[in-house]
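Take these sequences, add in the hints, and give me the full structure.
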Amino acid sequence: MKRSTRRPASSRTPRVALTAVSALVLSLGLAACGGDSGDGGDGGDSGNAGDGPVKITIATFNEFGYEDLIDEWNAANPDIQVTQKKVGTWDDAKENLYTKLAAGSGLSDIEAIEGDSMPAMLAESDAFVDLTDPALDGRWLDFKAKAATDADGHMIGYGTDAGPEGICYRADLFEKAGLPTDREEVAALMGTWDDYFATGEEFVSKVPGTAWYDSTGGTAQAMLNQIANPFEKSDNTIDVENPDLESLYATLTANVAKGLSTKLTQWSDDWTASFQKDGFATMACPGWMLGVVAGNADGVKGWDFANVFPGGGGNWGGSFLVVPKQSEHPDEAKEFAAWITAPEQQVKAFQAIGAFPSQVDALDDPAVTEMTNEFFNNAPVGQILGDRAAAITVQPYKGPKYSDILQAFQAALIRVDDGSNTPDESWATFLSDVDQLS
Amino acid sequence: MTGDAAPDEGAASPVATPPEPPVVRRSGARAASPWRERLSRWDVRYSPYVYISPFFLLFLVVGMFPLVYTAVVSVYDWSLIGGKGEFVGLQNYRDVLENPYFVKSAVNTVSIFVLSSGPQILIALALAGLLDNALRGATLWRMGVLLPFVVAPVAVGIIFGSLFGDRYGLINEALNWVGLPSVSWHTDRLASHLAIATMVNWRWTGYNALILLAAMQAVPRDLYDASAIDGASRFKQFTRITVPSIRPTVIFVVITSTIGGLQIFAEPRMFDSTLAQNGGSDRQFSTMTMLVYDFGWHLRDLGRASATAWLLFLLIIVIALLNYVLSRRFGALAHLTRRRR
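Quick note, the sequences are listed as chains G and Z, same order.
Count along the first sequence starting at 1, add 1369, and that's the number in the numbering used here.
Count along the second sequence starting at 1, add 3, and that's the number in the numbering used here.
Quick caveat, the hints were computed from the structure, so don't treat them as lab data.
This one's a predicted model, so the numbers in the text were calculated from it and none came from an experiment.
One or more of the hints may lead you astray.
Simulated crosslink set (DSSO-like; lysine-lysine; CA at most 27 Å straight-line) [stated by the list, open to error]:
{"#": "1", "chain 1": "G", "residue 1": "Lys1602", "chain 2": "G", "residue 2": "Lys1575"}
{"#": "2", "chain 1": "G", "residue 1": "Lys1469", "chain 2": "G", "residue 2": "Lys1424"}
{"#": "3", "chain 1": "G", "residue 1": "Lys1515", "chain 2": "G", "residue 2": "Lys1469"}
{"#": "4", "chain 1": "G", "residue 1": "Lys1469", "chain 2": "G", "residue 2": "Lys1455"}
{"#": "5", "chain 1": "Z", "residue 1": "Lys87", "chain 2": "G", "residue 2": "Lys1469"}
{"#": "6", "chain 1": "G", "residue 1": "Lys1694", "chain 2": "Z", "residue 2": "Lys87"}
Right, here's the structure in full:
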């Protein structure tokens, strides 16, 4: 505000011509300077040039379950001290990431990347340190390792968790609707999406005021992750007018009118509040979502976790850690990233917040397979998520634009949810939004 | 800026008469050397410019340079990550003007601006008028109206965002409690503008009131005494003496709030609960600055972002000029009616 108050004033006087010319001259000079120093990357403002410990930062979003692990590392490694910077959602983290990538400075030594955006990072792989390490071959599940490796075979990210999904449900609300409440019986009700939605219609007819699932957006994510080519063909050309996506969109928008959706945006204030207000009865739950549900629904009794997922299995999310080339301590950052993504540490993150490990060795660890979750009625979450991971048959193709298109697609669904558009209008806007992306 | 408006208006403004530059002729009182005389003449003539130059130098770097540089970026294909590409002339401007969101954002911006600046200045005037009275603990009250201003806009956005929650917001629950239907604050276009204008007004009204109050305190008190003897009511005194006397300050407040109002960003962005935060699911309250951000940081196209920024700049100049002319016209009328009596 302050700067611009001067603009109209100055443009009234004849002196502005003179000023403008001087500014032009000055700008050329400054631009030249800017170009030079920007490419040089001399850095040197880190403040720990002395003999003190190397300080590195790790930027995460949502919940990674790293708090205790970082304390553990700091206690054992006095010469490399790690601090965590957390933001709420990946969307916020992503904007920050792109802004600072463009600026050429300001990123943390380690940045967490949401799985769906990893293809976009691979397209910018020059900006990240090559973390390839033969000693770590075979640490991750195949799909996870592949998703972090660029066309030249450089691995730029270390996988953290994977996102096999089950169904979280409110047993108390199921009882109110006269539905079975037992985990196995509930699982039998929702083997396919058609069954899941049909059960939902029965539920909302008996429990008015409570929706079937938490958000159209979340359910869409779950369904998108079962489609081979949701938005892009395997050669990275954008193809959103494909029958799979169109039928998914038609199904979900039709559900809005049937009252199955809360009509809320996932992660919004109203969405968070709906956990406390019996807003909905079920939701698609990847492992990392368990901690989110337990947090938002703190004090609510009746949550349970069923060993089932409509349409078989699906992987939603799961993240990576990358080291930007901007980092002044890439070696230390790599060392820490390798440590915290090791099976032993990811098992602890799983115990802390339910983020299911993507490391082969962690999957058989009794600490994972025998893990139960008190909040979810002592459900055997370790065994359930293991089964759900084994049921995954499709890894959708996600190109560099996946994350951007997903954002536009989510917005399209919200427009129908909140009633500001008909499904057809909203689809047309979605197509025009996608056009703007290229 | 107050200074700009004052000189041609003359007497009406005791507040903001700029100090006249000292024009002194010292024609050889003593027989000084011609060189010294010249130096001292230069000193008198040019020193004032040297003294004010730091501001303008700084302004060149942080004000004019970005302005010009933005213009340069706007005629190139310029990606956030990849940097400068080909020269494309006015193509970015064409793209922006053809973008369906441009008109929508421009209309939203003007609508939010009118809904905020209008009531804001009227309420600020009234508030300042009340604070201009002899109050017990005057400083306390005066600082009190400034309190909302020291709260960060992002915090304001979060608080009001949850007050205006569509489903579980406090305001809707209050409406329901008295039997009124809920308002879709985030979906209905006008309702969202009202909610955002409320946020802006809450933050800026006190600030403007204090500026107006400062001007009011400089209005000669004998004018009030004289009018009181003539039998003018307090209200009449306010409209006929106070407001016309502080006209340059009112113009200043109008213009700064125009500029601020048209650049509104933090409030609508924090108010937005959608993931993309582009100003509502259907851009119900997307503003011009949010469109700049959308182009630059979501689509990662700095060319179109810069073109939008320049279009916004032009819009601000047009509206600020319009405001200036209107405020002068309004002021001149007030002047006339006062003289005629």
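Checked hints:
1. Lys1602(G) with Lys1575(G): 42 Å, violated
2. Lys1469(G) with Lys1424(G): 19 Å, holds
3. Lys1515(G) with Lys1469(G): Holds. Lys1515(G) to Lys1469(G) sits at ~26 Å (cutoff 27 Å).
4. Lys1469(G) with Lys1455(G): 16 Å, holds
5. Lys87(Z) with Lys1469(G): 17 Å, holds
6. Lys1694(G) with Lys87(Z): 21 Å, holds
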